[in-house]
Amino acid sequence: MAPIIEMRDIVKIYANGVVANNGINFSVERGEIHALVGENGAGKSTLMKILYGLEQPTEGELLLDGKSVEFKSPHEAIAQGIGMVHQNFMLVPSFTVAENVVLGDEPLGKGGMLDKKQAMQITADLSRQYGLRVDAEATVDSINVGMRQRVEILKTLYRGAQILILDEPTAVLTPQETQELFVAVRALVDQGKTVIFITHKLREVKEISDRVTVMRDGKLIGTQNTSDTTRESLASMMVGREVFLNVNKAPQNRGEKVMEVRNVSYVAETGRVMLRDISFNVFAGEVLGIAGVEGNGQTELVEVLTGLRPAASGDAMVHGKVVTSKTPREVRMAGVSHIPEDRLTNGLALDVSIEENLIVDRYFNPPYRKGVLLERRVVGKLGVDLIRKFGIRTPNGLLPVASLSGGNMQKVIVAREFSSNPAVLIASQPTRGIDVGATEFIRDQLVQKRTDGAAVLLVSADLSEVMSLSDRIIAIYEGEITGVFTEAASVSEEELGLYMLGIKRQSWEEMEAYL
Amino acid sequence: MSFSHVLQSIFSALFVASILRISTPIILAALGGLISELSGATNITLEGTMLVAAFTGVVVSAYAKSLVLGVLCGVLAGLLISVLLAIFHLHLKTDIFLAGIALNIMATGGTIFLLYILTGDKGNSSTLASATLPFVQIPVIKDIPFLDTVLSGHNILVYLSFVLTWLVAVFLYRTRLGVHLRAVGENAEAAGSVGINVLQIRWIALLLSGFMASLGGLYMSMAYLNLFQRDMTAGRGFIALAAVYLGGRKPWGVLIAAIIFGGFDALSNQLGSLKIAPQLVQVIPYVATIVALVVYNLRQQAVALERMRRFQDKELTSQEAGGE
Amino acid sequence: MRKIFANAAVRELLRIVLAVSIALLLGLIVTLLVSEDPWGAYKAFLVGPLTKFNRFGDWIEESITLIFLGLSVAIAFKAKQFSLGAEGQMVLGALVSGSIILFVPIESAFLRITVALLAAMVVGFLWGAIPGYLKAYVNANEIVTTLMLNTIALKLYDYFLTYKIKPEGAGYTASDFLPNAYRVPSFIPKFAGNLYDMFSRQTNITLFLYFMVASILIGWFLMYRTPFGYELRMVGSNIKFARYGGINTKKVIVLAFAISGIFAGLAGAHLAMGIHNKLILNITVGLGFEGIVVATMARNNPLFVPLSGLAYGYLRAGADIMERASDMSREMVLIVQALIILLVTAEGILPVIQQRVGQGSNKGLSKVVDSPAATEGGSHVI
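Chains as they are written, first to last, in the working numbering: chain A, 1 to 515; chain B, 1 to 324; chain C, 1 to 382.
This list has only true hints and no planted wrong ones.
Below, a list of computed lysine-lysine pairs in the DSS-like style, where the Cα atoms sit at most 25 Å apart: (1) C:Lys-166 / B:Lys-275; (2) C:Lys-240 / C:Lys-251; (3) B:Lys-275 / C:Lys-164; (4) A:Lys-326 / C:Lys-251; (5) B:Lys-122 / B:Lys-65.
Note that these hints are calculated values from the structure, not bench results.
Let the hints inform the model, and build the full structure from the sequences given.
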């Protein structure tokens, strides 16, 4: 029997030149649970977006039940029975579960009025049929994330989805909610649906899927029956890389302890524990890399350490001064600089000039400020200096930051955060999405800062970056530290990958001395 | 006048009846404001729409010697403001408040300008023989003492304002279009993702909003009074917006809030004889709106904080680890 | 030639000029249709304020109020705080300054006037701080709070004027004239001889002219040359960036509202002490909203506010003259003004910007969400 879905020779090249999918041949059998795994940037989201009609392939074709199809929009995909549950839910908070399920296609009763009973009945029926437990009368803003996700699934079923694509569904769920989801997925399949499950959590792949496809760097590495794989074998397919960066690193000269993180925990608004009892130290003159797939708590860790979020429990200190649950300014005054993971949202004010973007952490101190005056000339000079020192490509510092390329924008942030002579430099995804030249430059600068004696905390989903820049590496998985490696050069990518994916763990006794 | 005297007059049938009469334009405009607000757009042109409708109704009914034509054209004129707002905001990307302010200015200027051209008088249209909307006596009730003054003999729009409140409620909560409208206002992305035409909904919302406000305006010049005066809306369009918020953005709440505003207005006149300045009484609903807003937001914050704390206690004291 | 058009500032200016021209043209068409002497009427409109000294004076005086208001609004808007509270702050400024001149027994004219001005500034500051505080700490929608506070302020003014200030037995509701000795002097001192005769005899322009200029300079200085101004602009540009960088955004928001109130208060003082020299009913006549227009046309930059204020004031003055000189009523100018606002702020007007419209009507959806109120707190309201 023909596979229910077949994607042949799919190529997708984005406008900025990125090759997201490079000749993918992907097929899904009817009635199976098919896991699609890969690191961030592997191309799995893009492939599914093509399947769902959110993107069009540059090349290749799509077959549904043996027939060639083309989806120019999600509506066309939905009409053909494909449903997708995204990571960010599309629900109306004040509406009930039932109202959300039937939104856009509400059942009508007498006189063209909404038939609320029908809607509830439909919801209840679907819920029972597929074992997706929901409270049809509850408003969405009062239910937990797990139930909200089930509402999204019910929405697709209401529209007649036969094939469901779940995009990182467990990213927002607690462990119990994950189990409930799995029960539901199995029920769906028992009733004849087909499920494609995008994830990077290999434990879940082993637990729930029939077959698994691994993608890496835009290519499809292989498809296997899940029973023929181990987590280790999957990890090595996901993570194995030929490219290794050449970074000239002076030998390490580690100094005193600068930052001490003690038992930090953080719980998200959804109730999920993002950080669980995290403890480690950062020393002067070293780069401590935090290796982990995005979504395992790194974002929250960085925000807690830079004053953007309060810690639920535990604290962190820099040179003995507490920096958790303080304002961002207090944290900066304690000597912490921060290259944010989201440069456009947090790191820059786009319509403001380059030179004014450079002073946000120091404008209130001399020499930039003299009494009530902002010393424009000093600011201007700083701009000229930093533009030159960091090779920011711009005719002058008065132009708005929006006029720069992505890489140069990041250089502005780097210039600012480096030039304040921080005791601790926290860099989160510092080279994501920028050109090769700027990437190399920023990495060199990071290493230089460390050689000059700063303590650098590097958070990156780019494994080769973490491995080549770090002196010491901590692996993080689901909010916990799974391993610490004091000789970054001596651990292999595969090995590190196992810790990043939670397959292997060091015990507290093994780690304690080296954290 | 003594305190007891004033009390007597407050509880008199006439007073209660006067509250209804005064509140009607606010109710109508507020319903319009509610529809627009729930679709995600704050319509500050309620004021200008009322004015334009009031003016056009008077003028057309006088020249065409027809009440029906006057009402029809009044509504169309009010809708014109909505159309302009929709074009400038939804298609030409003008900020809705700036466009709204501009249209209000245009309405004020335009009505006085045309009034002067047509009547040579900038103050009012008393020289025009404009029509009046009918007053209605309700059978049976009109023979009951007290109730007859309170409930019967009002202008048809007074009764209509209550009926429309009910209709708007039905529209918003029991019809597909109403549900889609509220969905668009709350999460346009979610609405769009299920195939709802967000742009079309926003247009409809503005037009319905203008329609209701037009009725409010027509009431002013063809029922409450029977002529047009410059600036006769006197800020009712903005009071209507306040009523939307004070009423919790729900139809019946808005009705009550509008009556509260009208009631305090009427009350302030009565209390004048007690040496209590009307202004001090009139500000009460405005202060109440601010207080209501603050209380609501504080509660939101408290609820979120409570939820966070609950999760933290639950999750962190549980022994299970997230790993194997 | 291409390079000239590439400059964003030039495009902006072009758009404003285009909008004004279209609006004036439409005004002319209306005049042609309605008036018996359209060319005479329109000429009076366009040129009137320049023909006689007292007309010129009226124009300048009107503009001074508008410029204070425009400055007030520009400061709040620059921080992306959509404060509509200028009307209320202005009327309270008029109330306290007028009252002080009338009733507070300070011998020295200089002192009494100074105290009155300071009082107007303080009351504007405080009345602005209220919605600022509510926005910063409770996330209360500033559109609602400022509109409510406007009405409350207007009613307070009416109350005091009617019951406390109006002299016993007066025919209509207004205060006495401010005593001559305590009036704000003309902007040209007596000893300037001929200049004095020319300007002061025929116009009523007072020292407020210099206060206004000073305010503009202070406003500009504050916004572009002080650390606080920097904070304000960063909050307005990207509040998340401001917070990440260490700026105390709550404090900045409260101060943005409050400082904006200072200048609205001064606008009120100008009305009471400069233009009317007494307190009358409806002293503010909705000027608060027109201040929004002035600020928007000046792109919220204090240095351009005088230009847009003068331009706007010119239209009003011209309209007054036109009405007195012909059969056209002054309200025509309101139509012209409204058109200018609509055309200037419609982003999708010039062809160069036409592309953005073409990027999909979905963009129109985001504008509602993008307006400051919505992003800062509007959609989270009740």
